[in-house]
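Chemist: Read off the chains here:
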Amino acid sequence: MSEPLLSVRDLRVSYQVGRNFVHAVDGASFDIPRGSITGLVGESGCGKTTVARALTRVIAENAAITGGQILFDGKDLAKIPEKDMNALRWRDIAFIPQSAMNSLDPVYTVEYQLDEVLRRRGGLNRKQSRARSEELFEMVGIDANRLTDYPHQFSGGMRQRVAIALALALDPKLIIADEPVTALDVIVQRQILDQLKELQTRLGVSVILVTHDISVVAYICDRTVVMYAGKVAESGTMQAALTAPSHPYTMGLRNAFPDLQGAAAGILTPIEGAPPNLASPPAGCRFKPRCPFALDICGTEPPIVEVAPGHPVLCHRANESAALRIEAARTETWMAPA
Amino acid sequence: MDGPGMNPATEKNVNKKPDILVSVFDAKLHYAVGGAFAAMRGKSTVVKAVDGVSFDIRRGESVGLLGESGCGKTSMGRLLLKLEEKTGGTIHFDGEEIGAVRGSGLKKFRSKAQLIFQNPFDAINPRFTIRQTLAEPLENADIPRREREARIITALELVKLPEPAQFLDRYPHHLSGGQLQRVVMARALILQPEFVVADEPVSMLDVSVRAGVLNVFRDVRDRLGLTAIYISHDLALVRYVCERTIVMYLGRIMEDGPTEDIVREPLHPYTKALVAAVPVPNPDQSHEPLPIGRGAPDPRNPPSGCVFRDRCPAAHARCAAEVPQPKPVGTRTVACHLY
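In order, the protein sequences belong to chains A and B. According to our numbering, the first sequence is numbered sequentially starting from 22. According to our numbering, the second sequence is numbered sequentially starting from 2.
Just so you know, the hints here were simulated from the structure itself, not pulled from any lab data. Glycine included, every Cβ here is placed at the ideal spot set by N, Cα and C. Please note that the accuracy of each hint is not assured.
Here are the simulated distance ranges between beta carbons [claimed, not checked]:
(1) B:150 x A:303: 33 to 43 Å
(2) B:226 x A:282: 29 to 39 Å
(3) B:262 x A:166: 57 to 67 Å
Given the sequences, and given the hints that come with them, work out the whole structure.
Modeler: Printed below as a string of structure tokens:
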């Protein structure tokens, strides 16, 4: 495997809330290979959006990157001066925020907003900018006549296409999309995902897709990074994570999803309890209070175990994962956690 | 586990009442939009949120109302509960037309037909304790004070909140989303309704807790013999809780039938696209393009004839000229000129 495009090592991001520090991301490590789509999945509050934002260093005022490295193209984005970081944004790393409505300015036409990026950041002249805007609209499947429309004149799905066009404007190497299809209906969602995948393959760009929806990840991603309570529970290829999940949390998630292809009579199995409060996380493994396989040793910090090449798992019992998977498939296993 | 008054279905309706609990015929909900200025310029339009919808719901049946945003599923649910006044057609609940129900009759109807809200964080007054939240409907229904505490505990047990007594004096912000949605459910059930409309009750919850709330919903429904409408855009969820599904598009019913049949072999071209679009947690799924045109349904400006025809791959001349009427096809009803 060639050098990854992005390599995150032991990343830590903390928020200051009053006098307390909430360690929203507490030692996250993963790689993003070139030309891949990686799904960053987890529940609300697991730190996935904070990780995504930390990669561009656009984080809340009360937040700070307190440790670790973000290696991108030989530079450590966690350390480089703000001026250099700013030069990278949009040109090398583009961000599609959670709601396209929020990323577009309602008082300017879409063309104006594309033009601003293309000319101010990309250094294009007026004519080049116009041509590039038309090309971008064609790429995302919108008629170029609509460049002069305002954001409110587009439907939700179209706005998301515009947001994708904006992200692609300067040919970035990496696009970070934060829940790009969450607010959309299932048919539009599918069409946007197809478009994103097609463009990603054609342009060879890498994409990080932040989402809570494992089905969306399964549909479009090559790789996945599963986060739980500020840590990466496991990461690997899509195939490995779904057919051979090795962290008990991923195994549990697999049971909690309704599956339209599955048997009708199947019963969904919830993971009892709720994710921990990150202001005072449990000692040792953060999934311990909800884990049916927890042992005494889980009260200590779990190791990162490479269960297969390129498939690290944060679990004391990672080496037993094949046996645990069989246990985890049974509903009773999850009824009364130890 | 059965508390006082919470009788299982078997005892409750011993076939004395008619089989149909809710009967909807040609229901319409039209809004005038655009306001005064648009009217002055002759530009005001009518949005037909629900436009000529008919169906019956049997006692004890669970029906999913499925569709994309703007299809009228939530409006339909609100019509059924008389939270919105219909602008046409009839809706009978337990043999009685609900349009005319007023005063004490309305109060009685409200205790029999309840709504489970979508967002538990919005549905509960943050300044009420859980006890106050659950006492309010009992107060409105004139349940004597001394009975209330027991009813509250029973309702919380019903939705499987462990050790309910410990929650009574807590405020909503002390509870997790999953716990709060159970409280919302308990509040809807505390007056022992016959009929509940659940409007996307788990869409705000994380996946790991979603399954728990869905299981409680199924369990409570079966134990109380409830008749239920489950409104959702997610066919996989509807399939998990409802034996029958009604698919809506731009205010009309496209297809109505047993959920399993619809999932296995959708008939209406819209349902076909909808079923194909649902992502599944399996990396080897089909990536075929969807059999549907681009764009989004526009409730302000629906096409003539069949409202789906501008996105339909099978549309022909007749679809523009004539509104397809619902036709029985096997186990189902389908509104499409192909059948």
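Chemist: Has the hinted range 29 to 39 Å been met by the Cβ atoms of residue 226 of chain B and residue 282 of chain A?
Modeler: Given about 31 Å between the Cβ atoms, the range holds.
Chemist: Is 57 to 67 Å respected by the C-beta to C-beta distance linking residue 262 of chain B and residue 166 of chain A?
Modeler: At 43 Å between Cβs, range violated.
Chemist: Verify the CB-CB distance for residue 150 of chain B and residue 303 of chain A against the hinted window 33 to 43 Å.
Modeler: 35 Å, holds
Violated hints amount to a single one, hint 3; each of the other numbered hints is respected by the structure.
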